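Heads up: the sequence lines are chains A and B, in that order. Heads up, this note's numbering is the position in the first sequence plus 43, with the first residue counted as 1. Heads up, this note's numbering is the position in the second sequence plus 3, with the first residue counted as 1.
Do not rely on the hints blindly, as some may be mistaken.
[Unchecked claim] Straight-line C-alpha distance at most 20 angstroms; calculated EDC-like pairs for lysine to aspartate or glutamate:
id	chain 1	residue 1	chain 2	residue 2
1	A	306	B	373
2	A	336	B	364
3	B	161	B	182
4	B	320	B	373
5	A	336	B	310
6	A	336	B	289
7	A	306	B	305
8	B	320	A	305
9	B	357	B	338
10	A	368	B	289
11	B	321	A	305
Hint data in this document are derived by calculation from the structure and do not stem from the laboratory. All values derive from a computational prediction rather than experimental measurement.
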Amino acid sequence: MSQSNMLAMILAGGRGSRLKDLTNKVAKPAVYYGGKYRIIDFPLSNCANSGVDIVGVLTQYESVLLNSYAAAGGRWGLDTTHSGVFILTPREKADSGLDVYRGTADAISQNIDFIDNYDPEYLLVLSGDHIYKMNYDKMLKFHKSNNADATIAVLSVPLKEASRFGIMNTDENKRIVEFEEKPEHPKSTLASMGIYIFNWKLMRKMLIQDMKNPDSSHDFGKDFIPVMLNEGKAVYAYEFTGYWKDVGTIDSLWEANMDLLDKNNELELSDTTWRIYTGNTATLPQYIGPTAKINGAYITQGVQVNGEITHSVLSTNCHVMEGAKIIDSVLMPNVIVEEGAVVTRAVVAEGVRIGKNAVVGDSKSENILLVAKNVKGGE
Amino acid sequence: MASRAFGIIASPSTRVRVEGLHDYRPIGAFSFLGRFRVIDFPISNMSNSGMDRVMVFIAARPRSIAEHIGSGRHYNINSKRGKIQLLFTQNNNPNDIYNTDIAAYQENREIIARMHQEYVIITPSYMVFRQNFDTLLEEHIESKADITMLYHRVENAKETCLNCNVLTLNKQKGVQSIDENLGNAKEKNISMDTYVMHKELFLDLIKEARKESSAFTLADIINMKASELDVRAVGHRGFFAAITSLKDYFYANQNLLDFDRAQDFFREDWPFYTRTNDSCPTQYYEGAKVNHSFISNGCLIEGTVEDSIIGRNVWIKKGAVVKNSIVLAYSLIDEGVHIEHEVVDKWAQIKHVKELISTDDKPGYVRRSDIL
Numbered sequence: 044m045s046q047s048n049m050l051a052m053i054l055a056g057g058r059g060s061r062l063k064d065l066t067n068k069v070a071k072p073a074v075y076y077g078g079k080y081r082i083i084d085f086p087l088s089n090c091a092n093s094g095v096d097i098v099g100v101l102t103q104y105e106s107v108l109l110n111s112y113a114a115a116g117g118r119w120g121l122d123t124t125h126s127g128v129f130i131l132t133p134r135e136k137a138d139s140g141l142d143v144y145r146g147t148a149d150a151i152s153q154n155i156d157f158i159d160n161y162d163p164e165y166l167l168v169l170s171g172d173h174i175y176k177m178n179y180d181k182m183l184k185f186h187k188s189n190n191a192d193a194t195i196a197v198l199s200v201p202l203k204e205a206s207r208f209g210i211m212n213t214d215e216n217k218r219i220v221e222f223e224e225k226p227e228h229p230k231s232t233l234a235s236m237g238i239y240i241f242n243w244k245l246m247r248k249m250l251i252q253d254m255k256n257p258d259s260s261h262d263f264g265k266d267f268i269p270v271m272l273n274e275g276k277a278v279y280a281y282e283f284t285g286y287w288k289d290v291g292t293i294d295s296l297w298e299a300n301m302d303l304l305d306k307n308n309e310l311e312l313s314d315t316t317w318r319i320y321t322g323n324t325a326t327l328p329q330y331i332g333p334t335a336k337i338n339g340a341y342i343t344q345g346v347q348v349n350g351e352i353t354h355s356v357l358s359t360n361c362h363v364m365e366g367a368k369i370i371d372s373v374l375m376p377n378v379i380v381e382e383g384a385v386v387t388r389a390v391v392a393e394g395v396r397i398g399k400n401a402v403v404g405d406s407k408s409e410n411i412l413l414v415a416k417n418v419k420g421g422e
Numbered sequence: 004m005a006s007r008a009f010g011i012i013a014s015p016s017t018r019v020r021v022e023g024l025h026d027y028r029p030i031g032a033f034s035f036l037g038r039f040r041v042i043d044f045p046i047s048n049m050s051n052s053g054m055d056r057v058m059v060f061i062a063a064r065p066r067s068i069a070e071h072i073g074s075g076r077h078y079n080i081n082s083k084r085g086k087i088q089l090l091f092t093q094n095n096n097p098n099d100i101y102n103t104d105i106a107a108y109q110e111n112r113e114i115i116a117r118m119h120q121e122y123v124i125i126t127p128s129y130m131v132f133r134q135n136f137d138t139l140l141e142e143h144i145e146s147k148a149d150i151t152m153l154y155h156r157v158e159n160a161k162e163t164c165l166n167c168n169v170l171t172l173n174k175q176k177g178v179q180s181i182d183e184n185l186g187n188a189k190e191k192n193i194s195m196d197t198y199v200m201h202k203e204l205f206l207d208l209i210k211e212a213r214k215e216s217s218a219f220t221l222a223d224i225i226n227m228k229a230s231e232l233d234v235r236a237v238g239h240r241g242f243f244a245a246i247t248s249l250k251d252y253f254y255a256n257q258n259l260l261d262f263d264r265a266q267d268f269f270r271e272d273w274p275f276y277t278r279t280n281d282s283c284p285t286q287y288y289e290g291a292k293v294n295h296s297f298i299s300n301g302c303l304i305e306g307t308v309e310d311s312i313i314g315r316n317v318w319i320k321k322g323a324v325v326k327n328s329i330v331l332a333y334s335l336i337d338e339g340v341h342i343e344h345e346v347v348d349k350w351a352q353i354k355h356v357k358e359l360i361s362t363d364d365k366p367g368y369v370r371r372s373d374i375l
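Turn these sequences into a full structure, and let the hints steer you where they fit.
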């Protein structure tokens, strides 16, 4: 914490059950995205790039894989003497029994001791399942310049979608005067991104009160922020512009992948000044074979293509054999598509094998098909 | 289990000189197959063989190798028990003839003498091959030979591996002599400059070589003592490339476009490690035509690529045609440019020259950071 005196806590406990079989074995933050990344690479890389050196990752659901992945802080360069990534699961403590995290605020409350070790001035609370690039240091500067007690990052959303979000109503100085969770008639289009900066001393006090409150569900959006506003604390909205995606469903995960195929995509993963770091793999570069045809694709190392790829994302070590066609689809790592098979408008889960001449997905389907099990060959 | 041998990655002899690329970095730092560097192969061979003490000797222009190896963590070597050491050797000799491997070892003699391991395995930084040094060490110990060497039999020694050493063997695979490959015969046993021996013998040989001549190399002293020492040779099979000329470099890469060969070389149980660059995946736009090529991450491809190897973060623009070429990282091939049989060095941009065509017999070279 040599730079900003701000410690980050990433909320990574959710299952993401709308991602169906993709999160049967792993938590949502560990889901693959964009060929070589996992979703949690984004907040972790943002921390590393913003000079936030100490990061706690709060996990709960099916967390073994996520824990071991995130614990190797070296992936994001967070493994120096003064930096680290720490996995914080619910655990038994001397003065209380083994408790699950009862809500987002409770997850922080249960780790007050951990945070106290570092004695930070500011606490940054992040979500582990959003895809975006953001400089948290700029947000902290905004927070400081307002002498705020808390700052919430917000994104302007289309008015017709605003009722799906927690909406912030602000005054002309961006101070939040009202917070409405999923309002029927939204007064503003500034949606909370679930990214908060708090002054730790005040927050600590308020978390202890929240823990004791039997009526609280211990959630930032539902309980903690409304209490702050009621008590007249200075809470500001920090407006973020740029790419941000909450990939809650198969359709939105697919869409976020498809966004990468757009030449002018806003996420710009190729920006070398703000790289997204991830695990390294010892593979060959991607091999595009003599019979391959590629019409728009996003492909990472270790992939082997002998078939035809149209507007698709292929992850590490996928193999598309001769005569196979991949159209408007996402292949997660280690997927094998055998000769003559056709995959259309689908997300194919890690390690799935699609047999010879099999046909999966449909170009006219309303929703994207998730293929989570091997598919036998067709005729 | 930790190996009984420590490793030395040796610099090539000063008579090996690769046109173009070599002006900017030692051969070990040459890019290989898009995402690797040549030195990744010997280091990975040692790491995969359980060797956790590796010394890398660097003769000149150390920056790129030092940067690439860094802490060495990406080579999967235990960071407490193990270590990769970079040993620089002074090069302010009035005459290149003094810049021998023996001179470098002599300079670092104390460090070598302090190693705990009984055996040393020496392998060069300018050759690409896969070798399990653990089995080679066992073979060496079992044979009771003084020195075990590796060789690869090549059938085109008139054109390739020039300036490498060649071994003359007797029927029992004993080494009779070590000479320079002057390109005077097709079939030769190319020495892979790889030696296994006891550490004490190695130290003795250094001393004896110094006594004999300041210009002596390790190969020279072993050649001189071939009759009194038991020097045996083990034949190597599989992919092998010695990078001793631009053409060798070109074909070492090109030959791996044969995917069966590439797969046989890159095996899951024998990973070749390299430093990650954290490049994003490669983007292929509509209109791109790519066949029979290795493409690294971070590229933007709008044009045509055939029979080529493309390094990281290369941009091949609309209407550009890249055939039978090796394009190194961060280069740009502009709209409408057509290149064939070229090695394009890092950060080069080909914009104004619309056609750059060399032949398979004599591939061309575009200098680093040049704008053509």
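Does residue 364 of chain B sit within 20 angstroms of residue 336 of chain A, going by the straight-line distance between their CA atoms?
Given that 20 angstroms is the threshold and the Cα spacing comes to 29 angstroms, the pair is violated.
For a C-alpha distance cap of 20 angstroms, please report whether residue 368 of chain A and residue 289 of chain B respect it.
holds (16 angstroms)
Would the hint linking residue 320 of chain B and residue 373 of chain B be met if the CA-CA limit is 20 angstroms?
Measuring from Cα to Cα gives roughly 18 angstroms; hence the hint holds.
With the threshold set at 20 angstroms, check whether the alpha-carbon distance from residue 161 of chain B to residue 182 of chain B stays at or below it.
Since the Cα atoms of residue 161 of chain B and residue 182 of chain B sit roughly 15 angstroms apart, the hinted pair holds (cutoff 20 angstroms).
Assess, step by step, whether the Cα of residue 321 of chain B is no farther than 20 angstroms from the Cα of residue 305 of chain A, and give holds or violated.
Cα-Cα ~16 angstroms, so holds.
Taking 20 angstroms as the top limit, are the C-alpha atoms of residue 320 of chain B and residue 305 of chain A close enough?
With Cα atoms ~16 angstroms apart, residue 320 of chain B and residue 305 of chain A stay inside 20 angstroms; holds.
When you check the alpha-carbon spacing of residue 306 of chain A and residue 373 of chain B, does it fall within 20 angstroms?
Given pair residue 306 of chain A, residue 373 of chain B is violated - Cα atoms ~27 angstroms apart, limit 20 angstroms.
Are residue 357 of chain B and residue 338 of chain B close enough, with their CA atoms no more than 20 angstroms apart?
holds (9 angstroms)
Holds or violated: residue 336 of chain A and residue 289 of chain B, Cα atoms, limit 20 angstroms.
Holds, at roughly 11 angstroms.
20 angstroms Cα cutoff - pair residue 306 of chain A, residue 305 of chain B
holds (11 angstroms)
Holds or violated: residue 336 of chain A with residue 310 of chain B, Cα cutoff 20 angstroms?
It holds: about 14 angstroms lies between the C-alpha atoms, which stays within 20 angstroms.
Taken one by one, the earlier hints fail for this structure at numbers 1, 2, listed in ascending order.
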